[in-house]
Amino acid sequence: MKRFNIFTILLLALIWSGCSVSKDLALPESLAPKMFRNMAPKDSSSIGDLPLKNFINDLTVQNLIDTALVKNYDMQIALKNIDAAEVLFKQSKLGYLPELKLQVTASSSRPSDNSLNGLSLNQFTGSTHIEDYNANLGVFWEADIWGKIRNQKAGALASFLQTEEARKAVQTRLVANVAQGYYNLLMLDAQLEIARKNLKLNDS
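With the numbering used here, the residue at position 178 of the sequence shown is 296, and numbering never jumps.
All clues given are correct.
Calculated pairs, SDA-like style, for lysine to any residue (alpha carbon to alpha carbon, straight line, at most 20 Å):
{"id": "1", "residue 1": "189", "residue 2": "296"}
{"id": "2", "residue 1": "171", "residue 2": "296"}
{"id": "3", "residue 1": "189", "residue 2": "289"}
{"id": "4", "residue 1": "211", "residue 2": "277"}
{"id": "5", "residue 1": "211", "residue 2": "280"}
{"id": "6", "residue 1": "189", "residue 2": "297"}
{"id": "7", "residue 1": "271", "residue 2": "200"}
{"id": "8", "residue 1": "219", "residue 2": "257"}
{"id": "9", "residue 1": "189", "residue 2": "295"}
{"id": "10", "residue 1": "171", "residue 2": "184"}
{"id": "11", "residue 1": "189", "residue 2": "200"}
{"id": "12", "residue 1": "189", "residue 2": "285"}
{"id": "13", "residue 1": "271", "residue 2": "212"}
{"id": "14", "residue 1": "171", "residue 2": "293"}
{"id": "15", "residue 1": "208", "residue 2": "274"}
{"id": "16", "residue 1": "315", "residue 2": "304"}
{"id": "17", "residue 1": "198", "residue 2": "285"}
{"id": "18", "residue 1": "171", "residue 2": "297"}
{"id": "19", "residue 1": "211", "residue 2": "282"}
{"id": "20", "residue 1": "171", "residue 2": "299"}
{"id": "21", "residue 1": "171", "residue 2": "287"}
{"id": "22", "residue 1": "219", "residue 2": "256"}
{"id": "23", "residue 1": "189", "residue 2": "201"}
{"id": "24", "residue 1": "286", "residue 2": "275"}
Ranges between beta-carbon positions, derived for each pair:
{"id": "25", "residue 1": "286", "residue 2": "182", "range": "15 to 21 Å"}
{"id": "26", "residue 1": "280", "residue 2": "306", "range": "36 to 42 Å"}
{"id": "27", "residue 1": "268", "residue 2": "299", "range": "45 to 51 Å"}
The set of hints was computed from the structure by calculation and includes no laboratory data. From the three backbone atoms N, C-alpha and C, an ideal C-beta is built for every residue, glycine too.
Build out the structure end to end from the sequences listed, making use of the hints.
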């Protein structure tokens with residue numbers, strides 16, 4: 119009897135632990151200095167908010183960057199990931215709504231004319247086949263007692279924000295690489311022109 123009571127208590131404790139409500143995750147505190155946060159900025163604008171054309175005046179570089187942003191595969195993948203994460207985030211918002219399911223089935227059977235069912239069917243209904251139609255309607259609603267839906271929504275939001283930041287990182291790296299490559303090419307062209315002039319001076 120004592121063993122049965124101990125087993126029952128352990129089983130109830132296990133079930134209770136599995137039904138515990140999820141805890142909200144606490145974000146770690148920022149290590150940024152307080153003086154930086156409390157210091158009044160002289161200008162509220164940031165260079166990150168400025169359009170690219172405001173600090174890159176070369177039209178050739180602007181066109182190269184625009185083309186790279188449209189044609190680059192990494193950028194296209196980042197944009198597709200954002201679209202997918204946005205769809206998942208919108209779906210997570212629907213978790214609190216009731217779920218409606220409708221199932222419709224239809225079947226038709228024809229027993230043999232020589233069988234008992236076939237003879238009875240032809241005698242009582244005047245038909246040689248049986249048609250059966252069914253429609254089932256169900257409404258389901260999940261009460262978010264344990265925080266499942268809330269956590270799914272928070273996870274979808276975090277995934278969406280993560281993909282957006284990933285797109286910004288890809289875009290920043292792409293712009294920097296294109297601009298650096300273009301100006302490196304200009305530098306090499308200038309060095310080549312200087313080398314040609316020096317060669318002409320040596321030959322003269």
